[in-house]
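Just so you know, the sequences run in chain order C and R. At position 182 of the first sequence (counting the first as 1) the number is 182 in the numbering used here, and the numbers step up by one without a gap. At position 73 of the second sequence (counting the first as 1) the number is 363 in the numbering used here, and the numbers step up by one without a gap.
Be aware that a few hints might be false.
[Claimed, not checked] Below, in silico cross-link-like pairs of lysine to aspartate or glutamate (DMTMM-like), each with a Cα-Cα straight-line distance of 25 Å or less:
| no. | chain 1 | residue 1 | chain 2 | residue 2 |
| --- | --- | --- | --- | --- |
| 1 | C | Lys55 | R | Glu336 |
| 2 | R | Lys549 | C | Asp151 |
| 3 | R | Lys595 | C | Glu128 |
[Said to hold, decoys possible] Listed next, the stretches of chain C that the computed footprint assigns to chain R, with coverage defined by at least 3 CB atoms under 8 Å from CB atoms of chain R:
| no. | region |
| --- | --- |
| 4 | 96–109 |
| 5 | 149–155 |
| 6 | 234–243 |
| 7 | 250–261 |
The hints are simulated quantities; they were obtained by calculation from the structure and are not laboratory data. Backbone N, C-alpha and C fix where the C-beta goes; we use that ideal spot for every residue, glycine too.
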Amino acid sequence: MHLLKKPWIIAVGVIPALVIYLIFSIVPIFISFYYSLMSWNGFSEMQFIGLANFKEVFQDSVFWVSVRNNILVVLASVFGQIPIALALALLLNRKMKGAKFFRTIGFMPVVISTVVISITWRMIYNSEYGMINNFLEAIGLGFLQQNWLGDPTWAMVAVCITIIWQFVGLYFIIFLSALQTVPSEILEAADLDGASEWQKTIHVVLPSIWNIILISVVLCISGSLKTFDLIFVMTSGGPANSTEVMATYMYGKTFEGLRYGYGSAISVLIFVFSIALILITTKLLRRREV
Amino acid sequence: MRRWSKHVFLGLIILFISLLTACSGDSGEETASDDGDSNANGDAVELTFWKSEDVGRADYQAFMDIVEKFDEENPDIDLQVDTTPNADYRTRLNTQAAGGQLPDMFQVWPGAELEPLVEGGAVQPIDDIVSYWTEETGLLDEEDFADFSVDGNPYAVPANTNPTHMIFYDKDMLADAGYEEFPSTYEEFLQLIDDLNANDITPMALGNSDAWVLQSVYISTIADRFTGNDFLEGVANGERAFTDSDFVQSLEVIDELVKKEAFNEDLNTIDSSQMIDYFLQGRAAMVMDGNWGISAILENMPEDKNVGVSMIPLNDKKTISTVAGTGVAINSELEGEKLEAAHTFLQYVYNQDLWEELIKVGRPIIANVEVPDDAELHPLQEEMLDLIAESDPAPVYDATLIPAVNDQLENELQSITVGGSTPKEAAENIQRVQESEQQ
Numbered sequence: 001m002h003l004l005k006k007p008w009i010i011a012v013g014v015i016p017a018l019v020i021y022l023i024f025s026i027v028p029i030f031i032s033f034y035y036s037l038m039s040w041n042g043f044s045e046m047q048f049i050g051l052a053n054f055k056e057v058f059q060d061s062v063f064w065v066s067v068r069n070n071i072l073v074v075l076a077s078v079f080g081q082i083p084i085a086l087a088l089a090l091l092l093n094r095k096m097k098g099a100k101f102f103r104t105i106g107f108m109p110v111v112i113s114t115v116v117i118s119i120t121w122r123m124i125y126n127s128e129y130g131m132i133n134n135f136l137e138a139i140g141l142g143f144l145q146q147n148w149l150g151d152p153t154w155a156m157v158a159v160c161i162t163i164i165w166q167f168v169g170l171y172f173i174i175f176l177s178a179l180q181t182v183p184s185e186i187l188e189a190a191d192l193d194g195a196s197e198w199q200k201t202i203h204v205v206l207p208s209i210w211n212i213i214l215i216s217v218v219l220c221i222s223g224s225l226k227t228f229d230l231i232f233v234m235t236s237g238g239p240a241n242s243t244e245v246m247a248t249y250m251y252g253k254t255f256e257g258l259r260y261g262y263g264s265a266i267s268v269l270i271f272v273f274s275i276a277l278i279l280i281t282t283k284l285l286r287r288r289e290v
Numbered sequence: 291m292r293r294w295s296k297h298v299f300l301g302l303i304i305l306f307i308s309l310l311t312a313c314s315g316d317s318g319e320e321t322a323s324d325d326g327d328s329n330a331n332g333d334a335v336e337l338t339f340w341k342s343e344d345v346g347r348a349d350y351q352a353f354m355d356i357v358e359k360f361d362e363e364n365p366d367i368d369l370q371v372d373t374t375p376n377a378d379y380r381t382r383l384n385t386q387a388a389g390g391q392l393p394d395m396f397q398v399w400p401g402a403e404l405e406p407l408v409e410g411g412a413v414q415p416i417d418d419i420v421s422y423w424t425e426e427t428g429l430l431d432e433e434d435f436a437d438f439s440v441d442g443n444p445y446a447v448p449a450n451t452n453p454t455h456m457i458f459y460d461k462d463m464l465a466d467a468g469y470e471e472f473p474s475t476y477e478e479f480l481q482l483i484d485d486l487n488a489n490d491i492t493p494m495a496l497g498n499s500d501a502w503v504l505q506s507v508y509i510s511t512i513a514d515r516f517t518g519n520d521f522l523e524g525v526a527n528g529e530r531a532f533t534d535s536d537f538v539q540s541l542e543v544i545d546e547l548v549k550k551e552a553f554n555e556d557l558n559t560i561d562s563s564q565m566i567d568y569f570l571q572g573r574a575a576m577v578m579d580g581n582w583g584i585s586a587i588l589e590n591m592p593e594d595k596n597v598g599v600s601m602i603p604l605n606d607k608k609t610i611s612t613v614a615g616t617g618v619a620i621n622s623e624l625e626g627e628k629l630e631a632a633h634t635f636l637q638y639v640y641n642q643d644l645w646e647e648l649i650k651v652g653r654p655i656i657a658n659v660e661v662p663d664d665a666e667l668h669p670l671q672e673e674m675l676d677l678i679a680e681s682d683p684a685p686v687y688d689a690t691l692i693p694a695v696n697d698q699l700e701n702e703l704q705s706i707t708v709g710g711s712t713p714k715e716a717a718e719n720i721q722r723v724q725e726s727e728q729q
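Pulled out of the complex, with its shape left as it was, chain C reads as follows (with noise of 0.2 Å):
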């Protein structure tokens, strides 16, 4: 009775998933390519208008500078917390006093709900009360002071700083118990050959996980595409557009500018860049990979 073997029964059991989600998943996006040579308010009749609205995308600098903001999310996600979470992982991973202690620390942010960080990290930067202002003061760096959220050209860093602070506690806990999987047999016989830590490190530790850290890689990369709520409660894409990533910008326009049109013709271009980008992404990491 080798059951998998029959096609239907495989079929039994995967069809409710895929029904689900293609019905969620798939379908919607379909429907957004549809939408997005439409123009429609919500409410009333939908006038077709072909490729009208990417048209106006394209001229639009918003989105531009919303796309550039995604890059920067993506390229601080990815030199900023892989490198950050894998320095703590190989630290904390000897032996040494309140290992666990830094352990539970780091991977606080990763429970924390994105709307308290947000509200928090505000209050941290706000120009008048914040934190970090009044400890640059308290220091004697008061020229250092900035209005962090409120001034165009440092509302972007400081909200990179926060994604980057939200997500190093996830790849610091991935690392980690990658690392409790490399071999102590080789790390002593590297010990036995008189290899110094630091040889040890680039020579048998980062090669044994490479293939977790490529993994880090693209989920970091994918998870700062989708980058909405945090930005969305911190600065809802102000002040003028300067912290406006492709999604809040979407959003914006559907549902507050009520350009159900325009609005999917935006999601279309960020499933089209998405796509793109992750394409890239697998093809240079596989080449590394031979």
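Put chain R on the given structure of chain C with help from the hints.
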């Protein structure tokens, strides 16, 4: 064996599909009827009602008390009230409307926000019951319904007017700066800002992180002082434009105030309730807010604080942007006894009691109701009502503009505060959206 399994498979699929269709049924209705059963009045007419929530605001409480009383006194109507925090309510309403899933009755805003609901056929006119107010009880006049009327048909009952521009100021702080009275000319007002700054006091608290404050509280009134009452109408029919020099001048006022450092530095990162906090904590000498701001001020004001109210002295006019407050509209699909129940609800709620309660909490009402004998108004409330009485109404931008244009206006105002756009560039950007929306 194989055959038998095929039947099972088919059965499973049918079961699954029927499950899905069951799920897709109107879940709102299902939960409502559950509640109805638990109230043990199975044959009661159910009415769902959505309202935005302003916990802690006296006028919200007064309205909800009457809604509750209605529910108690009408056992044959099972009212299901569902409230959403104010900031999220519009988004929720608009999204549900786009999905065609609106409740039986829901709070609506007048003017530009009501229009798409009418055009989309989501609401139905209440013209058969208007006579209840205009003739039977005489509480309202025909023209009071204007803000809630589209193409001559009324869709909701107005309760109060909602002037969106007031300046609340700390009398003692102004006195310390040498002003016994609130400035009566714009030059004097700018001088006051300089004098306060010289004393190291933030002149004006502003919380514009949600972007509507500069639009609704500031520009709606400021622009009217330059452009006159018919400007927005003119923009809509193409005779006027946002790039007209008088509108640009009004944007320059905002620019000037920012450059004079009239505001707290974090104006774009705090919200409208935090700006009231700043004012009450004595961190700023003034705050501009709508008439609703008085509730939070009276509620949380330290006893020794001496607050006065005024409007911006600008261009010899005494206009204040004003629109009717929110109303309750009826879903276009309602008919028969449900519609009757909805009409009963409106007639019960919008009545003497509500208006008297609103007067008592200091809201400027739209109704022929006398101030009740037991009303004890705070002097600040009286001052504000006097101020409103001697002012002329002007249109409120977000109640008049197409949402996308309003969105752009709010963005550009924010942009002016951070030096991103000059007033002229801002005006051009707003006009561009206006033109593309009108096509």
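Hints versus structure:
no. : hint                : result
1   : C:Lys55 - R:Glu336  : violated (48 Å)
2   : R:Lys549 - C:Asp151 : holds (15 Å)
3   : R:Lys595 - C:Glu128 : holds (23 Å)
4   : 96–109              : violated (count 0)
5   : 149–155             : holds (count 4)
6   : 234–243             : holds (count 7)
7   : 250–261             : holds (count 8)
Checked against the numbered hints above, the structure breaks hints 1, 4 and satisfies the rest.
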